[in-house]
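Q: The primary structure of each chain is shown beneath.
6 protein chains.
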Amino acid sequence: IRAGGLASMMRLPVQSTAEGLDACFVGIPLDIGTSNRSGARMGPRQIRTESCMIRKNNIATGACPFESIQVADVGDINLNTYNLPKAVEDIRKGILTIVRHNCKPLVLGGDHTMTYPILQAIKEKHGPVGLVHVDAHADCHDEMLGEKIAHGTPFRRAFEEGCLDGARVIQIGLRGPCYSLQDYDWGKKQGFRIVPVEECWHKSLTPLMEEVRKMMGDKPVYISFDIDALDPAYAPGTGTPEIGGLTTIQGLEIIRGCRGLNIVGGDVVEVSPPYDPTGTTALTAANLLFEMLCVLPGVKYNI
Amino acid sequence: IRAGGLASMMRLPVQSTAEGLDACFVGIPLDIGTSNRSGARMGPRQIRTESCMIRKNNIATGACPFESIQVADVGDINLNTYNLPKAVEDIRKGILTIVRHNCKPLVLGGDHTMTYPILQAIKEKHGPVGLVHVDAHADCHDEMLGEKIAHGTPFRRAFEEGCLDGARVIQIGLRGPCYSLQDYDWGKKQGFRIVPVEECWHKSLTPLMEEVRKMMGDKPVYISFDIDALDPAYAPGTGTPEIGGLTTIQGLEIIRGCRGLNIVGGDVVEVSPPYDPTGTTALTAANLLFEMLCVLPGVKYNI
Amino acid sequence: IRAGGLASMMRLPVQSTAEGLDACFVGIPLDIGTSNRSGARMGPRQIRTESCMIRKNNIATGACPFESIQVADVGDINLNTYNLPKAVEDIRKGILTIVRHNCKPLVLGGDHTMTYPILQAIKEKHGPVGLVHVDAHADCHDEMLGEKIAHGTPFRRAFEEGCLDGARVIQIGLRGPCYSLQDYDWGKKQGFRIVPVEECWHKSLTPLMEEVRKMMGDKPVYISFDIDALDPAYAPGTGTPEIGGLTTIQGLEIIRGCRGLNIVGGDVVEVSPPYDPTGTTALTAANLLFEMLCVLPGVKYNI
Amino acid sequence: IRAGGLASMMRLPVQSTAEGLDACFVGIPLDIGTSNRSGARMGPRQIRTESCMIRKNNIATGACPFESIQVADVGDINLNTYNLPKAVEDIRKGILTIVRHNCKPLVLGGDHTMTYPILQAIKEKHGPVGLVHVDAHADCHDEMLGEKIAHGTPFRRAFEEGCLDGARVIQIGLRGPCYSLQDYDWGKKQGFRIVPVEECWHKSLTPLMEEVRKMMGDKPVYISFDIDALDPAYAPGTGTPEIGGLTTIQGLEIIRGCRGLNIVGGDVVEVSPPYDPTGTTALTAANLLFEMLCVLPGVKYNI
Amino acid sequence: IRAGGLASMMRLPVQSTAEGLDACFVGIPLDIGTSNRSGARMGPRQIRTESCMIRKNNIATGACPFESIQVADVGDINLNTYNLPKAVEDIRKGILTIVRHNCKPLVLGGDHTMTYPILQAIKEKHGPVGLVHVDAHADCHDEMLGEKIAHGTPFRRAFEEGCLDGARVIQIGLRGPCYSLQDYDWGKKQGFRIVPVEECWHKSLTPLMEEVRKMMGDKPVYISFDIDALDPAYAPGTGTPEIGGLTTIQGLEIIRGCRGLNIVGGDVVEVSPPYDPTGTTALTAANLLFEMLCVLPGVKYNI
Amino acid sequence: IRAGGLASMMRLPVQSTAEGLDACFVGIPLDIGTSNRSGARMGPRQIRTESCMIRKNNIATGACPFESIQVADVGDINLNTYNLPKAVEDIRKGILTIVRHNCKPLVLGGDHTMTYPILQAIKEKHGPVGLVHVDAHADCHDEMLGEKIAHGTPFRRAFEEGCLDGARVIQIGLRGPCYSLQDYDWGKKQGFRIVPVEECWHKSLTPLMEEVRKMMGDKPVYISFDIDALDPAYAPGTGTPEIGGLTTIQGLEIIRGCRGLNIVGGDVVEVSPPYDPTGTTALTAANLLFEMLCVLPGVKYNI
Ligand SMILES: [Mn+2]
Ligand SMILES: [Mn+2]
Ligand SMILES: [Mn+2]
Ligand SMILES: [Mn+2]
Ligand SMILES: [Mn+2]
Ligand SMILES: [Mn+2]
Ligand SMILES: [Mn+2]
Ligand SMILES: [Mn+2]
Ligand SMILES: [Mn+2]
Ligand SMILES: [Mn+2]
Ligand SMILES: [Mn+2]
Ligand SMILES: [Mn+2]
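Residue numbers (the numbering used here), protein chains in the order written: chain A, 1 to 303; chain B, 1 to 303; chain C, 1 to 303; chain D, 1 to 303; chain E, 1 to 303; chain F, 1 to 303.
Honestly, the hints are just simulated from the structure, not real lab data.
Please note that the accuracy of each hint is not assured.
If several chains are the same, the list does not tell them apart, and a pair holds so long as it fits within one copy or across any two.
Said to hold, decoys possible - Lysine to aspartate or glutamate pairs mimicking DMTMM-like chemistry, simulated, CA-CA at most 25 Å apart:
1) 214 x 198
2) 300 x 185
3) 189 x 160
4) 125 x 89
5) 93 x 147
6) 56 x 142
Looking at chain A on its own, in the form it has when it is part of the complex (with noise of 0.2 Å):
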């Protein structure tokens, strides 16, 4: 029953290593990249555990991703809990390993510190990818108190690395307010698409994934949700919540849009559970998670 069994995401086999598998899920139980309130590095497990309500088949798309793919979950990369720099190298290795058994990583964070070096992983097998990143926050400070490396800067190292192909990237919900009015700025010179959520009120973004489908192509596309771009009232178990954000409908058409694409891998992060009792912060995401799966290339669509 689904109150039963091992909090496997999605009750999948567990196996050790991504061997044979065209995609795996893998979490990364991170917080110590964090500036307000922490708890993400419990977010993979939590995620795991409210997974298990997901059956198998995408009754709205037609994906059966499992019959058509290989998948399981093959557990947490171990990390360095009390050094970030240390961290992030352990994060690295532990997605090439990954993507060197030509298998797609689906990410369950943990801050956004995690995707810088997990784009760098990505990087040696792909070469520069084009993004989604939807977020209320930008993400591409140059540094935070000093620091190089923290959740608020993965992008911009990213990019510094050459693991970004800046006129790919869009990023989807920015809002909040901000220490300056030239937050988005990098980003733009950089070719970043940047759309502040406001563009996103009371609309559907089906026609803006038509852009961006269009503007990735058939090149390799990397998917990164922090899961704070939807409204806190769709996900208050998050480090930095920002009002006025997406709807998780928005959520949905967001990677639903992305079938077609050439992805190679993403994450949803920022999950803190102990900021949401109800558990509905970290159903949402594994069940984008679970969506990203379902637009993975391979996937057959019954329907």
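Starting from the structure of chain A, add chains B, C, D, E and F with the ligands where the hints point.
A: Relative to chain A, chains B, C, D, E and F with the ligands alone:
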């Protein structure tokens, strides 16, 4: 004061039978038909508690139900909480007693299994009824874990026993990962109108309800509102939450859109209090039941 | 770091008087005027706590309030928590002291009773004001349980005492089961514009605010935002939640739509922390107060 | 089933007056006399909810109260929640009506202010009474913020009005940081026996209760149990928690130790439900009230 | 790191059968035998989650179980969650499979109904066993609501079927208001030793356990620990909390006092996660299960 | 009123330096040294919030600290939250500045890593100190995951650097499953007195504190109180809860038992607010800090 007094539904008088009533509120503290999270047995009690905030008239629609018809709280149906088939029989008998008094039941649930015996009793009084079924799930499985009776099967059972007029059944809000892409096919075959949640996104449901009113005509109609039809942002306190759901506003549009129909009863089910520490889910259920009361035949509208 | 430092509003400097300030944040820890759930006395403290996440500039509108005007947190008004009429008098005096310093109060509440003495003090400085009142409730009862002073009567009292310019009062978001279908009639008779929540459903409120700006002209305006105007999905932590409410986005549109008006003060009231374990309600209140600051006369916009 | 049925105290019959009863449960939804956290207005309702778990007989003591005396739930006293002196008068009248029926009130609170008018009514019936007062606080202030009526003054007021027999007053469990080291001196001067909590640590209170029984003789005694007497580990849901308190076991020893006394009424106060999401505080209050019932004169013991 | 990795019990390896094991942890996600609050079906999952904090050795007793015997987590028993008699049969078979591998089951519950089929399976392997039953309730009813199988009847059923050696049964911690003062009499008649909680107050249970060891001799013993034996201060997350219970320290003394006995299995039951947002109840259950492991025959003590 | 006013510690005046103070409260919002649950970075803020309930004098001991010595809240130490070694250095410098003003720091934590740099600063002022260390854990590991700095290593590091006088170190309350049975041996070798929690069960710790006073003599002593020393029933809001812990009463006995010692500073650490929705853990920490203030040299006792 509102914080005071026994927590009957809307602080109405309590009576032990439905004699002399046009409508009654009645609770069914059942949750052993649940597949995921339990807790719905506490639904009736918390719906009553939160209902103490509700005032007696409906300024939005002009309905003054208590000036129009006779209503009371008749308490809960005493059921066997260790044996689902017996509980189903207890419920059938309890509702039958109510309808035999020519009293329309508005039922506080309780897991959705309960709607099967309610419909059995309704049929005995009214014959096959039309159904406005609002839910994330079709609840038309043939069996669950080999059992014929469970919260995923009530409408299959009810239809098989002639309780439902298949051409006048509509299911609104269906969604969520599924066991099989064929999950809605059985209902379609019986003539059910299926409205997946995606057809409801970003719009008012008032136009849909115009169609529903045509579809139902003046023959008897039952309303079954599974609170999980609503998005977990609005109703986290439920056993099988599914993201991307209806808004509460859409829920209100559905019930208010039933005005003029020959409503013979209704329920709000699957409220699981332990999963919503704010009480909003139960408060929403209480209001939806009040709105059902406001659209019962015989209620006067003073605007 | 954001988790550190004394929890003043937005971690601003604290000063004991409003001397030298253009605007100030001030708290009113009152909840003895409440009819349902209490807890709003803890509102100011939790609004401050959650406000520690808010950065100083408004990237959505370009406002940089702290580069434009002098602002500080002046703490809470010391009030008699056992005696509502005395508390009302304490509040009136406290706000009067602030406005006499030519300082605009942005007030953290606290139950809505407080807006009555605030408006008394505002009147003494500015004469009758226009009012943007966002609320699920009209709060224009003549009395509650026989009392003239309570959280359901402030605008009746204030109007009677000449604090309000009836032709420039708008009430947005009204809804909910009512004592009488005539509940909004008194206000209409005084010339108030009533916008029931149903007129707000499924749409942007930006067009409405254009009308409001015309209606208000350049005479003084006060903004009173009862957090229960928002749907409980967005703001569960309040004393009298009503389903079917405004979205936070609409709340932001209302405040941002006040740009250009001659705002002389504002409040966010009815935040009851114990009913929202996620902190989102208080965070929302903190942001709405920040947005009010951003539309004060004199604030420069750098975009 | 236990999850079902209207939430009257212990699921007893409800009646509107105390006529024909030997004892009754009655609620007082008051919290405007509170100095710290509010919420106690919801105490009676949640005590009733949790009381639904309590079975009818006392296997520890052999008491079978419902086979011995006539008991019912008479609902809540309707009080003015905006005006403390009026609420106090409402309570006095409400309790007076009960005692005039020769019915002993067991009162569900509500903040401790309520014990003042209860004692006024008790005095009118029984003259000055002995008092077993279990509390972290002496509640004998002359005034709070200049007010004579508040939850920190009831026993001062009651004594001044001749409701208490000073030589037969005991206060058990006093503790906590204080305004003045003289806080207990007024009581001592009136002959009160003060038992600071430190005298209770690490021991059974059964020997103390032997002394209490001697001290009280066979003259009338009232029991007032402030739930904050218990350590917050046992009763977190209260307005003024103080660490280092009594255990629930000691609380039971106190009430059971009153067996044989001429108890004329009792209360459990200061239960603030929003501060205890587990319900344990209210469950404890419900059980303490049941134990008070079991030691009322006339209750038969079958062991 | 502790926050990472799949949440198996104590992060042990998971295997699908008990083959080759001396002992195993196994979960039973059952709560349809519950009379009050449900939620215990989520017990096994949350016990595993909280168990991730537990390190491998017992510094208090010197036990190093993992250096002594072979242990793993074998997951949950797949049971019919809609039909209690079938679930009981599923459990019997599941445990039988384990014991036939000469593996001792340490079971994570789940409502107490489950101990009946566990004892059936144990009997098949070991014959009638001695029982250390720690509980607030005797669970020896003949029926509940007319049903023979429920969480209040397991030890009656087990005794009737010869699973228990009546002279070697001890029930520790019994208390709480009761249906009848004769509730413990049936057990006494079968020779059970009853230790009401009052005999445990204010003292160590180490002396009691000396007696227990004598009583049990070297014949097989099963330990069944209902978490509601503990006071709700220690274990609020349970379905039928009773005040005045054991301390966790007494719970540890009981389990550690079983050292030297011929333990053939054990369980911790009635953990209902939704009623304890802190996780302490599940953490306590996890530790009690670890302590049971430490007293299994064959475990070496290195002090 | 208590619900009002800025949440400084005990609502004391706030000043930016320790100049002119005999003692100060200072916060350290650190949690990146945590091995299990995070959240302690929010400890200082919530301790201050809950401290607003605390009155100024100690009726149990007669201490009137604010009539004796100069005390204020100096806010939080600004630290690098992304880099533990830098944070440690920030803390060392911050505390050094305080002690150089001849001010005794009473520190609100924050994870236990912080006590290492505090002791570094204390040593610079006072030389090696005696230590009263109350904790479930010895925190004397040589490293954790290969790191020398973490919340499990502070006392090893401090001892190695000559901050501690090994013969005057006592560790009280140690317990819990361990990595190795040798976990306490290193401390014993340095002369530390180890008091496992089992030696504390069922008894007052007042006699132990007599010994401690002899052991410490009149040389400087530091008190470090990890809130996880208390049982999770008393303090669930912490990162590494261990069952079977001290009672709050024992905690009070320990601090009060330090009266007469030459206390040079103290801390209460590991308060993780998200894991205790009742606030009791933070309230307890606030009271323990108040009790530490009451035993500082120079505080007058008026009884
Ligand atoms: Mn981000
Ligand atoms: Mn973000
Ligand atoms: Mn359903
Ligand atoms: Mn459903
Ligand atoms: Mn209002
Ligand atoms: Mn309102
Ligand atoms: Mn009191
Ligand atoms: Mn008290
Ligand atoms: Mn049991
Ligand atoms: Mn039990
Ligand atoms: Mn520590
Ligand atoms: Mn510790």
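Q: Next, verify each hint and record whether it holds.
A: For each hint, the structure was consulted:
1. 214 x 198: So residue 214 and residue 198 pass the 25 Å test inside a copy (22 Å) and across (24 Å) alike.
2. 300 x 185: For residue 300 and residue 185, the Cα distance is within 25 Å only across copies (20 Å; inside one copy 40 Å).
3. 189 x 160: within (13 Å within a copy, 51 Å between copies)
4. 125 x 89: Answer is within; shortest intra-copy Cα gap is 16 Å, inter-copy 39 Å.
5. 93 x 147: Classified as both: same-chain Cα gap 22 Å, cross-chain 19 Å, threshold 25 Å.
6. 56 x 142: between (41 Å within a copy, 19 Å between copies)
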